[in-house]
Amino acid sequence: AQKAMPGTSLEGIRPAYIYKIVLLGSTSVGKSSLAYRYVKNDFKESLPTVGCSFFTQTLNLEIATIKFEIWDTAGQEKYHSVCHLYYRGAHAALLVYDIANKETLKRAKLWLRDLEKEFLPDEIVIALVGNKMDLAAEREVTTEEGEEFARTKGLLFMETSAKSNHQVNDTFMAVAQELLQREQEKASALSAHGRSTVHLGESGAKMGCC
Amino acid sequence: LEVLRQRESKWLDMLNNWDKWMAKKHKKIRLRCQKGIPPSLRGRAWQYLSGSKVKLEQNIGKFDVSAAGDLVARPGRGCWWRGAVLGWLLLPPGLGHLQQDLFRVLKAYTLYRPEEGYCQAQAPIAAVLLMHMPAEQAFWCLVQICEKYLPGYYSEKLEAIQLDGQILFSLLHKVSPVAYKHLSKQKIDPILYMTEWFMCAFSRTLPWSSVLRVWDMFFCEGVKIIFRVGLVLLKHTLGSSDKLKSCQGQYETMERLRALSPKIMQETFLVQEV
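So the protein lines, in turn, are chains A and B. If you're matching positions, the first sequence starts at 1 in full-length UniProt numbering and goes up one per residue. If you're matching positions, the second sequence starts at 1 in full-length UniProt numbering and goes up one per residue.
Since the hints were derived computationally from the structure, they do not count as laboratory data. Since no wrong hints were added, every one of them can be taken at face value.
Simulated restraints, written as ranges between beta carbons of each label pair: (1) B:Asp13 to A:Asp42: 51 to 57 Å; (2) A:Glu144 to B:Pro114: 35 to 41 Å; (3) B:Pro134 to A:Gln181: 55 to 61 Å; (4) A:Asn41 to B:Gln6: 49 to 55 Å; (5) B:Pro114 to A:Gly154: 39 to 45 Å.
In silico SDA-like pairs for lysine to any residue, Cα to Cα no more than 25 Å straight-line: (6) B:Lys185 to A:Ile18; (7) B:Lys187 to B:Lys243; (8) B:Lys185 to A:His84; (9) A:Lys67 to A:Glu178; (10) B:Lys157 to A:Leu85; (11) A:Lys40 to B:Arg256; (12) B:Lys148 to A:Gln76; (13) A:Lys109 to B:Glu156.
Idealized CB from N, CA, C, for every residue including glycine.
Start from the sequences and build out the full structure, keeping to the hints where you can.
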């Protein structure tokens, strides 16, 4: 996006984006644990979230620097009526379910319906995440089932384990890549309309400086 | 220590002549609650203040029936009691034995008010109670909190908490216009920061000694104490342009409100401000 002058200190300059990413899903599916694993690379049994908790993580990628602001929400159904307040303005959402609990996938589908009401398809990146791969022996949702649902709805899909650190990083990375790709598509779509100096960050994400 | 002994005997006198004190010298009780209830008598005092003692006497045996009842199993493993069982982690080390009681109290409540259902925020409340009284007493105290002190907080849709969020916000306008303006500008709905404060009556927010002092006043004066604590925290976190410098974005503000400065949560400071 930005031209760097070879041999000067400007060479390392990449665009920087800040993205709000929200974790949604039933109670006890591991939302907080996923966030904790991703940010602290550790696992601990966490208390049920009341309201919301927050994490940040910065990614230094080749083409950009990304700061994730992670909003980890309470999963209990009681909080459902206030949840739109949490995901308002989000750039990405992880819909988390527990592969050993079929009910939680159903709930994830309901979350998706809510998101679809709130956002246009190109406004938000949504990933379906089947957590608790470490409980594969008690699995109630097959990989194919999750995959198939994600495919029909155009969602990213990943099976993870926050406990055994399986694909947690990859999930967030996939979301990051998708977000960046969308930025690029938006930028090129705009420049195709004759505006050649469009800044990458204008469409949604705040622009910062690295 | 001398002061403590004196307070204890004053409180003993009050508890032994409770009806008389309540009828005639309520102001004095309030003042003594503000000064802090002596730890040895706190559990008893809370039961008197909340009226749970009377409630228990009117319902002898009911807790045991509820606690022994069966919950209709919910589908899947993620059933509600996991939250309750994990709730004991809140307790300081060495109190793990309370876990079983916590489970019984919360289960009994769920069966006592099946239409309301269990709310995860009730676990920390019940845990604080259990550290001061036996399970049956804690149960009726929880009933009082859920029905008299914070009615509707734990029911479906959280309407009561949303309403109180709006009230808190309009009070903030008076108490700290700077903080009010900042939160308005960033479009931060009260629900985003006050849910845990109010639903857990600050038991998951404040340091332990402050929780106890706040609860002493809360049991005497009711929910307005929770409002006042909330306002103090907001005012001292977001109440001056200096403090706002590092809270430019919505996220930074939320983060700040999640990780409050220990100074303003400290017992003496907080109680004085409230």
